[in-house]
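With the sequences and hints as input, model every part of the structure.
In order, the protein sequences belong to chains A and B. Using the working numbering, the letters of the first sequence correspond one by one to residues 27 to 177. Using the working numbering, the letters of the second sequence correspond one by one to residues 27 to 177.
In short, the hints are calculated from the structure, not lab data. Check each hint, because a few of them may be wrong.
Just so you know, same-sequence chains aren't split out, so a pair can sit in one copy or run between any two.
Taking lysine to any residue and the SDA-like style, the derived pairs with C-alpha atoms no more than 25 Å apart in a straight line are [stated by the list, open to error]:
(1) 53 <-> 68
(2) 165 <-> 85
(3) 165 <-> 115
(4) 53 <-> 75
Quick caveat, the model's predicted, so the values are computed rather than measured.
Residues per chain, in single letters:
Protein chains: 2
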Amino acid sequence: MISRMTEAEARTLLTAGRVGRLGCVYKDGPYVIPVNYAFDGDSIFVHSLPGRKLEALRANPRACLQVDEIDNPYHWQSAIAYGVFEELTDSNERAAASRLLLARFPNLTPVESVPVHDGQSSVSIFRIQIQEITGVAEKSPSGPGTPSITA
Amino acid sequence: MISRMTEAEARTLLTAGRVGRLGCVYKDGPYVIPVNYAFDGDSIFVHSLPGRKLEALRANPRACLQVDEIDNPYHWQSAIAYGVFEELTDSNERAAASRLLLARFPNLTPVESVPVHDGQSSVSIFRIQIQEITGVAEKSPSGPGTPSITA
Numbered sequence: 027m028i029s030r031m032t033e034a035e036a037r038t039l040l041t042a043g044r045v046g047r048l049g050c051v052y053k054d055g056p057y058v059i060p061v062n063y064a065f066d067g068d069s070i071f072v073h074s075l076p077g078r079k080l081e082a083l084r085a086n087p088r089a090c091l092q093v094d095e096i097d098n099p100y101h102w103q104s105a106i107a108y109g110v111f112e113e114l115t116d117s118n119e120r121a122a123a124s125r126l127l128l129a130r131f132p133n134l135t136p137v138e139s140v141p142v143h144d145g146q147s148s149v150s151i152f153r154i155q156i157q158e159i160t161g162v163a164e165k166s167p168s169g170p171g172t173p174s175i176t177a
Numbered sequence: 027m028i029s030r031m032t033e034a035e036a037r038t039l040l041t042a043g044r045v046g047r048l049g050c051v052y053k054d055g056p057y058v059i060p061v062n063y064a065f066d067g068d069s070i071f072v073h074s075l076p077g078r079k080l081e082a083l084r085a086n087p088r089a090c091l092q093v094d095e096i097d098n099p100y101h102w103q104s105a106i107a108y109g110v111f112e113e114l115t116d117s118n119e120r121a122a123a124s125r126l127l128l129a130r131f132p133n134l135t136p137v138e139s140v141p142v143h144d145g146q147s148s149v150s151i152f153r154i155q156i157q158e159i160t161g162v163a164e165k166s167p168s169g170p171g172t173p174s175i176t177a
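Take a look at the structure:
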């Protein structure tokens, strides 16, 4: 009852989503945090205050973003995009990513308005350049029937 | 506006949750999947069909489970439990874990009713023995104000 999504279906889910769970590797173990993101078809853009995920991603740039829609344990889909973290330092690239994020989240604080310390913004904007997108979905009659979202 | 949760608060969120995002390390990169789970205060129990997460966890037993409640980008909490994967092979342990999962998800297929091949159930039941629980929360007035769930 659980089937692979096509890449097109997984991309559609990723494009529609607003909250994803960003996975990274921190000191050889997994670390997962919810993030708001924007996806332009090639990269996922996130902006972030300093914290563990930036520390983790700077040390190991491999990242994934998992996005799902869960109606119930028997009706759900989940996509995952794998890619490489890259922090945006170029002011034009930062501005473009900010515009993308603000278009999706109009109430976000414009990143460049966050107080700047020592000439550098304390807010990082980064992208995950996507290398692979996959997904799985279950569409079962309401249970009992399958072991739920545990494949 | 983003603050650390106490361990008690993070435990409460973890206990109340039904869907979490399981993070593991697959071939040195991160892998994240949604799972239904039950938490008994010490371990998180999951049952699973064969797939990438089992392959990943058997190779590298470090795991985390991230659970959140997101009202909006300015009002959310997220807990993460870190621990070690252990597959349950003892029939008494499997039965106890099954009961815990079935109590939480009454419509789940009882694991032991899944067809058995070569004398072994094709469904794995595993636990993540929890070593650390942390969490962060944001309770801001509706934005603009903060950079959203990206700390």
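Results of checking the hints against the structure:
Proximity of residue 53 and residue 68 under a CA criterion of 25 Å is satisfied inter-copy only: 23 Å between copies versus 28 Å inside one chain copy. In the homo-oligomer, the alpha carbons of residue 165 and residue 85 never lie at most 25 Å apart, since the shortest distance is 39 Å inside one protomer and 30 Å across protomers. For the identical chains of this complex, residue 165 and residue 115 are neighbours neither inside a copy (43 Å) nor across copies (30 Å), given an alpha-carbon limit of 25 Å. In this assembly of identical chains, the alpha carbons of residue 53 and residue 75 lie at most 25 Å apart only when taken from the same copy (20 Å versus 28 Å across copies).
Figure legend: structure checked against the earlier numbered hints; hints not met, in rising order: 2, 3.
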